[in-house]
Amino acid sequence: AELHPKNTIPTVKHGGGNIMLWGCFSAKGPGRLIRVKERLNGAMYREILSENLLPSARALKMKRGWVFQHDNDPKHTARAMKEWLRKKHFKVLEWPSQSPDLNPIENLWRELKVRVAQQQPQNITVLEEICMEELAKIPVTVCENLVKTYRKRLTSVIANKGYITMY
Numbered sequence: 008a009e010l011h012p013k014n015t016i017p018t019v020k021h022g023g024g025n026i027m028l029w030g031c032f033s034a035k036g037p038g039r040l041i042r043v044k045e046r047l048n049g050a051m052y053r054e055i056l057s058e059n060l061l062p063s064a065r066a067l068k069m070k071r072g073w074v075f076q077h078d079n080d081p082k083h084t085a086r087a088m089k090e091w092l093r094k095k096h097f098k099v100l101e102w103p104s105q106s107p108d109l110n111p112i113e114n115l116w117r118e119l120k121v122r123v124a125q126q127q128p129q130n131i132t133v134l135e136e137i138c139m140e141e142l143a144k145i146p147v148t149v150c151e152n153l154v155k156t157y158r159k160r161l162t163s164v165i166a167n168k169g170y171i172t173m174y
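Counting the sequence shown from 1 gives a position; the working numbering is that position plus 7.
Some hints could be false.
[Unchecked claim] Pair by pair, the computed Cβ-Cβ distance ranges are:
| # | residue 1 | residue 2 | range |
| --- | --- | --- | --- |
| 1 | MET139 | LYS168 | 36 to 42 Å |
| 2 | MET69 | MET139 | 30 to 36 Å |
| 3 | ARG158 | VAL133 | 36 to 42 Å |
| 4 | ARG86 | ILE131 | 31 to 37 Å |
| 5 | LYS168 | VAL133 | 25 to 31 Å |
| 6 | LEU61 | LYS168 | 25 to 31 Å |
| 7 | ALA87 | ALA34 | 28 to 34 Å |
| 8 | LYS159 | ALA50 | 20 to 26 Å |
[What the hints assert, rightly or not] Using 25 Å as the maximum straight-line C-alpha spacing, the simulated DSS-like pairs for lysine-lysine come out as follows:
| # | residue 1 | residue 2 |
| --- | --- | --- |
| 9 | LYS168 | LYS144 |
| 10 | LYS98 | LYS82 |
| 11 | LYS98 | LYS35 |
| 12 | LYS98 | LYS144 |
| 13 | LYS98 | LYS68 |
| 14 | LYS44 | LYS144 |
| 15 | LYS95 | LYS159 |
| 16 | LYS95 | LYS82 |
| 17 | LYS70 | LYS120 |
| 18 | LYS70 | LYS168 |
| 19 | LYS82 | LYS144 |
| 20 | LYS144 | LYS155 |
| 21 | LYS70 | LYS44 |
| 22 | LYS98 | LYS159 |
| 23 | LYS168 | LYS35 |
To be clear, the hints were calculated from the coordinates, so they are not data collected in a lab.
As the structure is a computational prediction, the values presented were derived from the model and not from experiment.
Every residue gets a Cβ at the ideal spot worked out from N, C-alpha and C, and that includes glycine.
Sequences and hints are given; from them, build the entire structure.
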């Protein structure tokens, strides 16, 4: 899979520079954020989850029964991935196809992009550092609100029979 623009953060001054990030969050705040330096495949995605998702859940003091949500990217829906998630006892939210923008992390990425753009990073190294710093500064209330409004977003999509919503 190519790097999707939604997963990159461009530099402002000269343009063209971007990095791919993996991150997670809950109502209790942002979890880990890591830079993905290679083309992401299923095995690498499982490794990222193994090394970062559970430690993030622990750091965020997630209670038993929390639900993991990701979109229907083929890496996320491959048989090996589903089996890995099942073996790890992840409770995964079923996700409608063609609906990546419903993912509340997209709103968090947008918030991060705005904050990073204000810093005008001059190179990729600085861009990565600023991403880490700015994510840590995002108030818990932002994450809390994204989770709190999630049901409303989904209900709105259903009410609009899948057509565009205010979200």
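Hint numbers not upheld by this structure, sorted from lowest to highest: Of the numbered hints given earlier, those the structure breaks are 2, 5, 6, 8, 9, 12, 15, 17, 18, 19, 21, 23, listed in rising order.
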